[in-house]
Amino acid sequence: MSTRLANQGRLIDRSKPVKFTFNGKSFTGFAGDTLASALLANDQMLVGRSFKYHRPRGIVASGAEEPNALLGLGSGDRFEPNQRATTTELFDGLESASQNHWPSLEYDIGAVNKAFARFLPAGFYYKMFIHPRPFWKHIYEPFIRQSAGLGRAPKDRDADRYEHFYAFTDILVIGGGVAGLLAAKTAAQSGAKVMVLEQTAHWGGRAPVDGGTVNGTAVADYIAILVTELEAMDNVTMRLRCMGAGVYDHGYALGYERVTDHAPSLEGPRHRLWRIRAKQIITATGAIERPLSFAGNDVPGVMLAAAMRDYAVNYGVTPGDKVIVATNNDDAYRTAICLKEMGVDVLRILDARDTGGGELMEQARELGIRIDCGRAIGKVSGGKRVKKVAICAQAGTGAALEEISCDAVAMSGGWSPVVHLWSHCGGKLTWDDSLSQFRPDPNRPPTGADGQGFVVPAGTANGEMHLGEIVSDAVAAGKKATQDAGFKAKRTAAPRGVDTAYAPMEPVWLMPRNAEMELRTKTWLDYQNDVKVSDVQLAAREGYESVEHTKRYTTLGMATDQGKLSNINGLATLANALDAKIPQVGTTTFRPPYTPISMGSIGGEARGEVFQPIRRTPMHDWNEAHGADWEPVGQWRRPYAYVRDGETVHDAVMRETRNVREAVGILDASTLGKIVVKGPDAGRFLDMMYTNMMSNLKPGKCRYGLMCSENGFLIDDGVVARIDDDTWFCHTTTGGAERIHAHMEEWLQTEWWDWKVYVANVTEQFAQIAVVGPKARAVLEKLGGMDVGKDDLPFMEWRDGILGGFDVRIYRISFSGELSYEIAVSASQGQALWNALRSAGDGFGMMPYGTETLHILRAEKGFIMIGDESDGTVIPQDLGLNWAISKKKEDFLGKRAQQRSHMTDPTRWKLVGLETTDGSVLPDGAYAVGEGVNANGQRNMVGRVTSTYYSPNLNKGIAMGLVLNGPDRMGEVLEFPGTDGKIYTATIVDPVFYDKDGEKQNV
Amino acid sequence: MKRYSAFAIAREALNYHTGWSRAWASPEPKKRYDVVIIGAGGHGLATAYYLGKNFGITNVAVIEKGWLGGGNTGRNTTIIRSNYLQDPSAAIYEKARSLYEDLSQDINYNVMFSPRGVMMLAQTQHEIRGYQRTAHANALQGVQTEFIGPERVKELVPIIDINGPRYPVLGALWQPRGGTARHDAVAWGYARACSAMGMDIIQQCEVTGVRTENGKVAGVDTTKGAIDCDKLGVVVAGHSGVLAEKAGFRLPLESVALQALVSEPIKPCMDVVVMANTVHGYMSQSDKGEMVIGGGTDGYNNYTQRGSFHHIEETVRALIETFPMISRLKMLRQWGGIVDVTGDRSPILSKTPVEGCFINCGWGTGGFKAIPGSGWGMAELMATGHSPLTEAFSLDRFKEGRFIDESVAAGVAH
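Chains as they are written, first to last, in our numbering: chain A, 872 to 1874; chain B, 413 to 826.
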């Protein structure tokens, strides 16, 4: 059984017991435990079920590479599935539950798949479930979906919060092991700004477990000194529990800090995402041990040798009482020695190498451990726990020479440097034959804008496996990064690291070498996704030869560990099957993040109310307090209508619309885009931007203008006022303000960069209030201060003045056809002016009105609305706006485009008014149908509704639409099939429904 | 070629599946073919398949620089829908969608087409009107869609928050027969079917030049030697501009990175595809249980197949707003692909200035869903010189101003 040893555990505090639950059962661990070590201490080896066959799964690793021990943690609005027990620090009250089984972890119905495993090889679903057709959606797929999926879906809105930090550093060191710390120190001594990230809760990485000395000091003590030195330096930032998640272009890197995961009672966000810009990045990310491929290597109790050592040294836990070690290298001997010294029974070391190991082998032998060279594991037996191991010759096909009962197997297939972060942004790899591993190719680093490399690997991440080399490589990496970042590295000699010498490892990709098919179908590569050696061989046989094809066909390496344990073994298997060399087969692409990061952290603070900024007009609160039914328009909120007690929204709209025509309305028009265009070339510039001539507009006057894209399509409209000789003031639509500002800047910056024009978006600097209706003038006159009469302020002119004590600019413009004043005042005065106008309007029946009334009023007048009558496919000529297109100008944006054959085609749909034959309202977006169908069998269409409303002033439905030859077909009746099954009939009429001669706005 | 079926699996299981043959052959190129297709992605392979199936043209080579299906076919978010606004778009996407319905049976390879329904959320008044318009158009185009209210949205997608604080869900355009398919399987299945008809699929073979004689295509130079052909189809997505240049003409395209990401797998919690264009993001759940998420394109041209992280942030943020529970899921993997985007964001399926050379490109961010229809139309165009499906998508339209702009109906994801 797995159990806590009497006296070991450098990371745990035995004086502080910690209570937690697993599948409802109460367990006790110690402060400093990971969830994995605590589960092992409680003899809970079985922790989950695999993805496809629902096979029992035990803890196999001790860190981020763990593919099996994925648990659901927490409950309610803090529940989260698929968390690795090996990277979860234990805390009091932690709740954990295993996944992907029913009804229980021990007895899982889904494990029946295991029995059918032979009928479910790689890619089986591509070959079956084809007939009958409806069965895929209704029967096969739901079954597959249900049996896949691992953890349970969270249900609630996340109770935790997350934040983003920004950091700028000269040198970012990812990995706080001995190499990372030493590289950081080397860099920091130059004065460069250094940031060090370590994903675990402890500095030092593997070195304290593996031992050795640096400059004569035990490596664990040496690390403690390094940390103290670094912490004392002002130019160094150190973060624990912060993983380097990804490396992106131009030295951008992500740090994923788990701030309170280990102690939920702490104040602060749960996770913090660091967005880091570094001149140079050192990846000191260590290496990951590879499993060995033998039959039954997935049975709980089979564990990576180094992980077993970690559990023993760090947490005082042994995963078994009777252990067998299988290896192809010397490192695993450390595990055997360590366990033996702690009193665990190490039954046998099976060394696949005929000649065995070096000095470490001698040490093990001296401790009395039996060592068999040239031997392999033929098969591990056991269901939910290792029971026995059959031993065979590595050179054979798997015939058992001997069987030994045991309860744990430590395996080591060699080490793979963690090259993920080196590779994310294009760093290339080279195959190291002596260590059978891919390591960073120093000649092909990821490159920045200057074409120079910006990532430097260090230590084991660079393929250095011995303390002496790790230490000198770290110093060299630190110096290189320092110099490449533009600093002068201090001349220091690298310290001297010493550990035990190794005999060379030997690649073992299958154990035994010629294992027969029966064994290969039980030899796992990917534990989580259930990919076996036989599956990869099948993929190769069927022509899925590219490593990407094999991966996708078998799902190898696509599990939540992204193949950290399985990839190299898998592609070696593929290479063997194809009779190719491993580097020819190559790796799949390493993609961020290194290990999965929470969506919450990616979203950061911006959620709920602050998901996006809410833009508020100066009258926002007043609107809110007076019944505004809000409509989001971009990031603004605009009142759709002001709803009174007892009214529906529709009632309110009808009331407001009538009131503007009969008395006077007041509109918060502050969201309207306002752009100042100024400079000696401003007129010339606006002549290019607008279809109209703007340069000849006189100061004091206003002109309605249209803007088109390069392709001739209408993109915005609004009133332009000329302020003085070199200043124009352009109004845009609410949604268009930022877009049009950017559009102007783009042209100025890329095409007309030599024109003397400034453009400023001043939308939020002004509140703008429209006073609209026959009694509008009376209201303004009551407020007094400036002349607003017919002759003093004629239609389409503007004046600055004092109105009721306010410094205002009044535009006499109208989007309703009524007598109308739009009054601009500095934003800080908006609410006060609004109040003053409201008071002045009291005796005149003034009411505020919202966007829907605005829309109905303009439709009654046949005025177009950007986004309704225009949709990116409409040109001004379609809308009968030829009058607003200057014939005199040599050029403007869209002019040439509008001369293209399709733009001048007489069959383009043109703007008309539409009135239903029974006075009802046409459905939004309905199409008019013609005769027959087109070449693709679609009904021929001859027009469509662009805007449709009920007009309370005309007491009938009114609509605007674009119709084939529309203006020539006045009085014709069109059919509009509704999606409700009804056919609506409407007559083509003039689009101006109200005050056709435009008398009311000119009074 | 062995037929695939449950029975065949059972039979092969007796021999530990050692009896399966290659899904597609891996021949050396011949000196000459009737038709050469450059690009063994979904569109290229589908073009070859329908050339054989519909027109009996089987002396065809499909040439691929890397591994087949390794471009955008193997990188997209696998959404299939045809709820497009403009007639030509609705026609080709609906043709594709209807072919997907029977594709597994047609090519005897389970592409796992799952018509689970696609929903596009309306979160502003403007979007409501836009989708109502699309629903009206679709009814006349033979595309089954309807505009549904927020209660129905919630019923179909329980994990959605329809009363979010910023952009409450006001309704949705619902296409019940839209859905997803397994993207790799589409490429592999077509490749296998092409190979079975005797076509040559040649991987790891890069086209280095296009040879012409008197303005007519004569063949291609490749890293595996010269290959003659009567007709040439260029179907290479992100690198269309590069190939067109080799053939001597230019295309109105920009190549940009489009990113996607997946979460770790969880048990089924969302059966339909949801697209939220106001907040910019879309999501579905794969059969493995991963939430498959797509977002926007980078603002600058490049070929890196990576992309800027801030797009990932914006997309994830938008989806947390829409589906609050995903905040407690984790991003497993992010990736990028290079999409070529035209001025009107609609594709080009067209003859070219070089006689006998045809081009299929510009699918932008939404080509996967179109694969069967695109192949069908492209095969017809290449075989007969005319196809009603592709007619509107000709290169001439940019000269004529005859754009097919879907932006009104499709905000972010097209």
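If you're looking for bench data, these hints aren't it; they were derived computationally from the structure.
Source: prediction; values computed, not measured.
Beta carbons: idealized from backbone N, C-alpha and C, even for Gly.
Possibly wrong hints are sitting among the right ones.
Calculated pairs, DSS-like style, for lysine-lysine (alpha carbon to alpha carbon, straight line, at most 27 Å) [to be verified]: (1) A/Lys-1008 <-> B/Lys-658; (2) A/Lys-1572 <-> A/Lys-1299; (3) A/Lys-1008 <-> B/Lys-414; (4) A/Lys-1452 <-> A/Lys-1572; (5) A/Lys-896 <-> B/Lys-679; (6) A/Lys-1026 <-> B/Lys-679; (7) B/Lys-811 <-> A/Lys-1760; (8) B/Lys-477 <-> B/Lys-658; (9) A/Lys-1255 <-> B/Lys-811; (10) B/Lys-414 <-> A/Lys-1758; (11) A/Lys-1452 <-> B/Lys-477; (12) A/Lys-1299 <-> B/Lys-414; (13) B/Lys-811 <-> A/Lys-1766.
Some chain B residues close to chain A (C-beta under 7 Å, calculated; not the full set) [claimed, not checked]: (14) Ala-418; (15) Gly-631; (16) Thr-635; (17) Gly-637; (18) Val-654.
Index of numbered hints that the structure contradicts, given in increasing order: 1, 2, 4, 9, 10, 12, 15, 16, 17, 18
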